[in-house]
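Student: Which chain is which? The protein sequence lines are P and Z, in order.
Sequential numbering of the first sequence, starting at 1, is according to my numbering.
Sequential numbering of the second sequence, starting at 1, is according to my numbering.
Calculated from the structure, these hints are not laboratory results.
Don't take every hint at face value.
[What the hints assert, rightly or not] Some chain P residues judged to face chain Z by a derived CB distance under 10 Å, without partners named:
| hint | residue |
| --- | --- |
| 1 | V260 |
| 2 | D263 |
| 3 | E312 |
| 4 | T339 |
| 5 | V354 |
| 6 | K356 |
Here a beta-carbon is modelled for each residue, glycine too, at the ideal position from N, C-alpha and C.
2 protein chains.
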Amino acid sequence: MVRENVNEQQRSAQLHAVIPAGGSGTRLWPASRSSRPKFLLPLPGPRSMLQATFDRLEPIVPHRNMLVITGGAHAVAVARQLPALPDGNIIVEPGPRGTGPAIGLGAALIARKDPDAVMGSFAADHYVSNPELFRSTVLAAAEVACHGYLVTIGITPTYAETGYGYIRCGQALPPSGDFDVFRVDQFKEKPDKETAQAYLDSGKYLWNASMFVWKASLLLDEMRRLLPELHQTLLTIADAWDQPERDDVLREYWPGIADVTIDNGIMEHAERVAVVPASFGWTDLGDWHSLAELMSNEQHENVVLQGTHLAEDTRSTLVFGNNRLVATLGVDNLVIVDTEDVLLVCNRSRAQDVRKIVQRLKDGGDHPLT
Amino acid sequence: MVRENVNEQQRSAQLHAVIPAGGSGTRLWPASRSSRPKFLLPLPGPRSMLQATFDRLEPIVPHRNMLVITGGAHAVAVARQLPALPDGNIIVEPGPRGTGPAIGLGAALIARKDPDAVMGSFAADHYVSNPELFRSTVLAAAEVACHGYLVTIGITPTYAETGYGYIRCGQALPPSGDFDVFRVDQFKEKPDKETAQAYLDSGKYLWNASMFVWKASLLLDEMRRLLPELHQTLLTIADAWDQPERDDVLREYWPGIADVTIDNGIMEHAERVAVVPASFGWTDLGDWHSLAELMSNEQHENVVLQGTHLAEDTRSTLVFGNNRLVATLGVDNLVIVDTEDVLLVCNRSRAQDVRKIVQRLKDGGDHPLT
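Same shape as in the complex, but just chain P (with noise of 0.2 Å):
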């Protein structure tokens, strides 16, 4: 499915991307932390997945195109990261109100600019193992989005795993050069154990990615008629970005501004939606088993993410270091994380429960912690 020879960086000359980079990733505790998202850190690195997602947008997207929206707390951390992206392109969200609105803002936003803009819209914190096909997709689904559709990028399911959202694939729509298009039939819910695996055998399902591109404008007009109240919100707002007032503005009206996930709002309602299914090797990494599943290459492998691991009779296990030694015994499956005030040590099998212990310490009042 990979297009030769496409000649990226004249195809994409106009094309938007927001990046929300929110959310704390509690599962992958004590590495993230509230003060240190999952985004921000180096996994699997060397680059932190912020990074590498603006790296791997890079080729397609101009800097000056490219909206990154975060939390106060993180736009600082962001501005030194990103060093390329211009200050203005760095938007502080006064609270955090789900994607609806960080993604809405960035299309109010780029749509001021300029009215025909397709945008792409791509979480800080996931990663890709084949970048080129990533981009080729983008652009296969930017072509389907300028005939005026919603589209997803959904991800071919190599497992029945019960931790994302599905999309059902509906009617076939006109390829997109090598790729395939199918109408949306159906946003899934995280499914059980059975219901995966029946998804998966059924061939018609594809992960929910939360991967976005559209015209700016459609996207407009569909929260015109979905969401009219953070539609109207959104336009005050964006009519106030350059002017004097823009934080009074920002700070009055965004409070009242009611929680939604794009997903929810907009999409599971719209009108034209569509996807395109990728194979390029997404996963959200979402705890430490899939981190340790993506970064080993063969069975029992043991995998060192940061600093360094003297092992001895150990397998499958893997390390996130500090800048001490860590040395294994007569161990296996275990995730070892050593941070400078955590030391976490668990089962492989138990990685989802991580964020268990995270609202122990919080219910403990032990915020610093967490």
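Dock chain Z against the given chain P, drawing on the hints supplied.
Tutor: Frame of chain P, contents of chain Z only:
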């Protein structure tokens, strides 16, 4: 077997003690290091093993009668840990030569002042759970020593340990108060599992805890007979002890001394050797597993020696923490030792093999970590 109403202070006015403080305890790495041997560590805490040894003896041995023999690298730490010990009672060996020369020098120095002195020798890195019973046993052994025996205190085995040497009890001698006394039939090297079980089943064997009580003059007599060269050298050094040339003499003679343990060099060949069986809860705390065994009161209990442990679904795990939180999830039977520059995660069943890691680091030139 507890002797009631002993006026310990009175009975032991003349008792002397030598505490050889050497050895590194590589199986307790990374808490123990060449630069920070086991006897200086708070195992199980809060006092160091050396301090606990001192505390244990203090009620029956006056400070002026206690000699700690250690290497130059640890003299400062010993001095700081035992502020109550007079300056002159910390003896700094120019180099390690085994327990034979160390204890022999102690005996020579004691006999110089008091030819009739009864002295005991007690390693600085052994653990005793019942110090009161320990003291009663030592006083009983001291009475036997007054009758012209080299006395060892043997530990009644509680399981078939293969990591200790054994003592075979021979003919019964008159009891000392409430304590049985036997002639020693034979000293046995560390046995294999089957042999250890046979020793245990026979009821005739005791663990060799390298714990001795004797008249200093009798030890020196046996040393003159069995190790005449060492005997002569030690007398030469002892004669110079209060003279200006002490250091010169020590530097001249000590390097030429051959390594020998008091067990191999004296006890196994001496004439009148007796043993007092004891059950005061003794272990040499040779590795992390034995420490965990010692500290856990019920099955599957987690043990925290230092630091803070947040355990989620965790069993039979020992944590020797540092100043960071140690969180564990879905693990069991682990030893987790967190130090400033090294973190060890080890299966408890492999605790004996920790020295392999130390050896690998030494082989790799990583001496600061060993």
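Student: Does each hint hold? Answer for all of them.
Tutor: Okay, the hints, checked on the actual structure:
no.	hint	result
1	V260	33 Å, violated
2	D263	30 Å, violated
3	E312	5 Å, holds
4	T339	8 Å, holds
5	V354	6 Å, holds
6	K356	6 Å, holds
In the structure shown, a violation is registered for the earlier hints numbered 1, 2, in ascending order.
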